[in-house]
Structure formats: structure tokens, C-alpha cells
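**Student:** If you want the building blocks of each chain, they are given just below.
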Amino acid sequence: MGNLNFRPLWRYQDAIIEGIITTLWLTLIATLAGLIIGTICAVVLRRGPKPIRYLIYTYIEVIRNTPPLIQIFIVFFVFPGFGVRLDPFPAASIALSLYFGAYASEIIRSGLDSIPRSQVEAGHCLGLSSLQVFVHVVLGPALRNIYPSITSQIVLVLLGTSIASQISTEELFHTAGFIDSRTFRSFEVYALIALIYVLLVTAFRLLFALIGRVAFRWPTRR
Amino acid sequence: MRQFSMIDFVALTTALQYTVLLVILALAFGTPLALLMALLRTSRAAIPRWATAFVLQLVQGIPLLALLMFFYFGLPVFLGVQIPPLVAVTVAFTIYTAVFLGEIWRGGIEAVKQTQWEAAASLGISRWQQFRYVIAPQAMKIALPATVGFLVQLIKGTSLAAVVGFVELTRAGQLVSAATFQPLLVYSVVAAVYFAICFPLTLWSRNLEARLNGSR
Numbered sequence: 001m002g003n004l005n006f007r008p009l010w011r012y013q014d015a016i017i018e019g020i021i022t023t024l025w026l027t028l029i030a031t032l033a034g035l036i037i038g039t040i041c042a043v044v045l046r047r048g049p050k051p052i053r054y055l056i057y058t059y060i061e062v063i064r065n066t067p068p069l070i071q072i073f074i075v076f077f078v079f080p081g082f083g084v085r086l087d088p089f090p091a092a093s094i095a096l097s098l099y100f101g102a103y104a105s106e107i108i109r110s111g112l113d114s115i116p117r118s119q120v121e122a123g124h125c126l127g128l129s130s131l132q133v134f135v136h137v138v139l140g141p142a143l144r145n146i147y148p149s150i151t152s153q154i155v156l157v158l159l160g161t162s163i164a165s166q167i168s169t170e171e172l173f174h175t176a177g178f179i180d181s182r183t184f185r186s187f188e189v190y191a192l193i194a195l196i197y198v199l200l201v202t203a204f205r206l207l208f209a210l211i212g213r214v215a216f217r218w219p220t221r222r
Numbered sequence: 001m002r003q004f005s006m007i008d009f010v011a012l013t014t015a016l017q018y019t020v021l022l023v024i025l026a027l028a029f030g031t032p033l034a035l036l037m038a039l040l041r042t043s044r045a046a047i048p049r050w051a052t053a054f055v056l057q058l059v060q061g062i063p064l065l066a067l068l069m070f071f072y073f074g075l076p077v078f079l080g081v082q083i084p085p086l087v088a089v090t091v092a093f094t095i096y097t098a099v100f101l102g103e104i105w106r107g108g109i110e111a112v113k114q115t116q117w118e119a120a121a122s123l124g125i126s127r128w129q130q131f132r133y134v135i136a137p138q139a140m141k142i143a144l145p146a147t148v149g150f151l152v153q154l155i156k157g158t159s160l161a162a163v164v165g166f167v168e169l170t171r172a173g174q175l176v177s178a179a180t181f182q183p184l185l186v187y188s189v190v191a192a193v194y195f196a197i198c199f200p201l202t203l204w205s206r207n208l209e210a211r212l213n214g215s216r
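Top line first, the protein sequences correspond to chains A and B. Residues 1 to 222 (the numbering used here) are what the first sequence spells out, left to right. Residues 1 to 216 (the numbering used here) are what the second sequence spells out, left to right.
For the record, the hints were derived by calculation from the structure and aren't laboratory data. Incorrect hints may appear among the rest.
What the hints assert, rightly or not - Simulated restraints on C-beta separations:
hint, chain 1, residue 1, chain 2, residue 2, range
1, B, 121, A, 124, 39 to 45 angstroms
2, B, 192, A, 46, 25 to 31 angstroms
3, A, 3, B, 119, 52 to 58 angstroms
4, A, 84, B, 212, 43 to 49 angstroms
5, A, 3, B, 53, 27 to 33 angstroms
6, B, 28, A, 199, 16 to 22 angstroms
7, A, 124, B, 192, 43 to 49 angstroms
8, B, 129, A, 53, 31 to 37 angstroms
9, A, 216, B, 214, 29 to 35 angstroms
10, A, 46, B, 13, 24 to 30 angstroms
11, A, 216, B, 53, 41 to 47 angstroms
12, A, 209, B, 49, 17 to 23 angstroms
13, B, 6, A, 57, 29 to 35 angstroms
14, B, 119, A, 129, 51 to 57 angstroms
What the hints assert, rightly or not - Listed below are several chain B residues computed to face chain A (Cβ distance under 7 angstroms; list not exhaustive):
hint, residue
15, 29
16, 50
17, 54
18, 65
19, 66
20, 81
21, 156
22, 181
23, 184
24, 185
25, 191
These numbers come from a predicted model, not from an experiment. Just so you know, even glycine gets a beta-carbon here, dropped at the ideal spot from N, CA and C.
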């Protein structure tokens, strides 16, 4: 039984903070890019030409049925094959964006599907333009329906950024390995890093709950 | 330098056995704990509910990778003992399975209407019998698609055991890739193997879900 000593870790607070910032950047980039990819895919899946629909379907299934660790390796190694050297951070951003994009498109698609046709027709009857119908009648309620699943998927992306450490992106988990190799306080290092992840996740959940409460106030709850 | 050949493919498929072994071990130890988690989470007493909610928040807030590292590097150093990689990795995946599957099953139990409990109670059978004979069969049916979906998550998750040097499919891919200098080809083959296992399960899960919704 060893004794606990967190003191040697204190010197590495700058590294830890930088790791957290990189982790948050990765999460933000993957979230935004993934939402864009997901929205485009979901819309094209509804009314795109058939070959493109099959392409998107393949993309979604391949991403969802292979480990993200392998995906990140493939993205990291595919570019040197074409003679382009890609740094770990952009490679990780691309891999995580593609990863979240696949899940986001499934979620967004289910959100769009959750709006009954009659509701769209009702919108047209009220004299709204097609764009107005899409924004106010389809997108708004759909967003409210998918908000819980999208946000919990974003939390999973936050946790998933840890695998970016495996292509030596210097995010939070990479920092853990770095500090461990300097201090040999493995127990304390991994306990601390795990705690930081828990705090980040909790902060994200609270933030999403708050945003959800403000953004989806209208109309009153069913 | 050598080319990726049949031998490497055999090496990958041999390593696949260890991926399967990890999944089996995680399910063998994880499912009883998951059932316990689900029961405590839906318990009428407050303390077990809060305690399991705390465990849930904790484990769901830690990357699986960190869980693996903690049990492989952290805990043995602290305890001052050697823990074989298979044991450390199994412990991590067992906890992962217990928490995530437990949460899925809790959802299944809660999806069964309260009136079912009351109807069962009015038959004069014990609380456990109410669960065993009335609630569980319905909950199982509801939770089955998500359970199969979790199986896919678990199979993909075992790839992270590669990070602590446990030679399963992904680690074997890394080794073959290092030997052949053909990472793109090797990782594509590895991805294809995972896909070949996970995709049928995904389809099955979706099929179950469609049938479930149809029967309602």
C-alpha cells in the first residue's frame, strides 16, 4: 500500500491547464463541424439523389461500427500517403468531426422525422413561406426533440477526445501520460485527470441544461 | 521491410480471439453488476438510489481510456502489487459494462408502467417476485435493442485495451503496421474486421427496435 502524494503534480498545473484548453478546443471544433456535417447529411438523406444517399449511408454506418481509435489512426496515416504531413491536432479534429458528424446526422434525421407532415401542411395553410415553415415549424420543434440526445452525444465527444492522445495530440489525457512519466505518481495522476474529466462533463451537462431551459422555453411544455 | 501478407492477416484474426475474450469477460462480470445497478437505481429506498446515481455520474464522466489507465498503471503502483494486464483491463471493462448497461436496463424497468407493479402487488406476491415475473419480462423486451446496441459499443471499446499494451485486434494492428510500414492498409483491414462484427449487430438491434415499435 503506497502513500498518497499529490504535491509533485502541483508543478504541472500549467501543463494541465493547457491540456484542458486543447481538449475543449477539440470538443468545440468537433461539435461545430459535426453539427454542420450532420445537418447536411440529414437533409440530403431526405431529399438527395440516390447514389449520394447511399454514400452518406455508408459513411454513417462505417463510422458507427468501427472503433474511433482506428478512425483516428486512419485519418492520421491517410494524409502522408498523399504526401501531405498533417499535425496531430488537425488530424484529431478531422477524425472527431467525422465521428460526431455520423452520430449527429442520425440524431438530426430522427428529429426531422419526428415532425408530422400535417404540421408542415398546417404551416403552409397559415401562409408561411417554405423557408419560414422549415425554420419555425420543422427546425425549431425538431431541435427541441433532439436536444437531449445531441447534448449527451457532445459529452461523449468530450470524453472521446482522450483518444487523440494516441496520435500524440497534446490534450488533457496526453498531459496525464507526460506527468506520469516525470513523477511516477501514476495513481495520483490518473485519479486527478479522471476527476478533471468528471468536472468538465458535469460543467457541460449543467451548461446544456441551462441553455436548454432558456432556448426551449416557448411554447409552454406539453 | 516486408509486405502485408496472409501471415499478418492470420495474426490479426488470432488477436481477434482476445477481443472476443475481453467482450465475454466484460459481459460475464458486468451483467450481474449491471442488474444490481439497475435494481438499486429503481429502488424505493433513497440511499441506494443516490449512491448508484453518484457512481453513475462518476463513471460516465471518465473516459474509458482513463479508466483503463487507472487500473493498469495507477492502482497497481498505489497498492504496490503486480496486476496482470488481463485482470486490469477486465476490471475496467466490467465497471464500464455495469454502469452503462445498468443505465440502459434502468430505462427498461422504468418504461414498464407503475400500474404493472401495483397489479402484481395486488396478487400478493413479494417485491422480488413482482420484479422477476411481471416487470423483468416486459423490461427485457423494451431494453433488448439498446442492449444489443451497447454490445457494439463494448466491442468498439475493447480497442482501447491496445493502449495499455494488451494484444487484441487493434494492438495486433499496431504491431503489424509497425512491421510492414503500411499503416493505412493494415488499419483499414482492422476497421473492416470490426465492421464485419459490429454491423450485423447494429442491424439486429435496429430490427428488434422496429419490431418492438410495431407490436405496440
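**Student:** Taking the hints in turn, state whether each one holds.
**Tutor:** Comparing the hints with the structure gives:
1. 121(B) x 124(A): 39 to 45 angstroms: violated, 51 angstroms
2. 192(B) x 46(A): 25 to 31 angstroms: Between residue 192(B) and residue 46(A), where Cβ atoms are some 29 angstroms apart, the hint holds.
3. 3(A) x 119(B): 52 to 58 angstroms: At 56 angstroms between Cβs, range holds.
4. 84(A) x 212(B): 43 to 49 angstroms: holds, 47 angstroms
5. 3(A) x 53(B): 27 to 33 angstroms: holds, 31 angstroms
6. 28(B) x 199(A): 16 to 22 angstroms: With Cβ atoms ~33 angstroms apart, the hint is violated.
7. 124(A) x 192(B): 43 to 49 angstroms: holds, 47 angstroms
8. 129(B) x 53(A): 31 to 37 angstroms: Violated: the Cβ-Cβ distance is about 50 angstroms, outside 31 to 37 angstroms.
9. 216(A) x 214(B): 29 to 35 angstroms: About 31 angstroms separates the Cβ atoms of residue 216(A) and residue 214(B), which means 29 to 35 angstroms holds.
10. 46(A) x 13(B): 24 to 30 angstroms: Taking Cβ atoms as reference, residue 46(A) and residue 13(B) lie about 40 angstroms apart, which means the hint is violated.
11. 216(A) x 53(B): 41 to 47 angstroms: With a Cβ separation near 25 angstroms, residue 216(A) and residue 53(B) fall outside 41 to 47 angstroms, so the hint is violated.
12. 209(A) x 49(B): 17 to 23 angstroms: holds, 20 angstroms
13. 6(B) x 57(A): 29 to 35 angstroms: Check passed, 32 angstroms falls within 29 to 35 angstroms.
14. 119(B) x 129(A): 51 to 57 angstroms: holds, 52 angstroms
15. 29: violated, 21 angstroms
16. 50: Interface hint status for residue 50(B): violated (16 angstroms vs cutoff 7 angstroms).
17. 54: violated, 11 angstroms
18. 65: Where the cut-off is 7 angstroms and the nearest Cβ of chain A is about 5 angstroms from residue 65(B), the hint holds.
19. 66: holds, 5 angstroms
20. 81: violated, 9 angstroms
21. 156: holds, 4 angstroms
22. 181: This interface hint is violated because 10 angstroms lies over the 7 angstroms limit.
23. 184: Cβ of residue 184(B) sits 5 angstroms from chain A, so the hint holds.
24. 185: With Cβ-Cβ at 10 angstroms, over 7 angstroms, it is violated.
25. 191: holds, 4 angstroms
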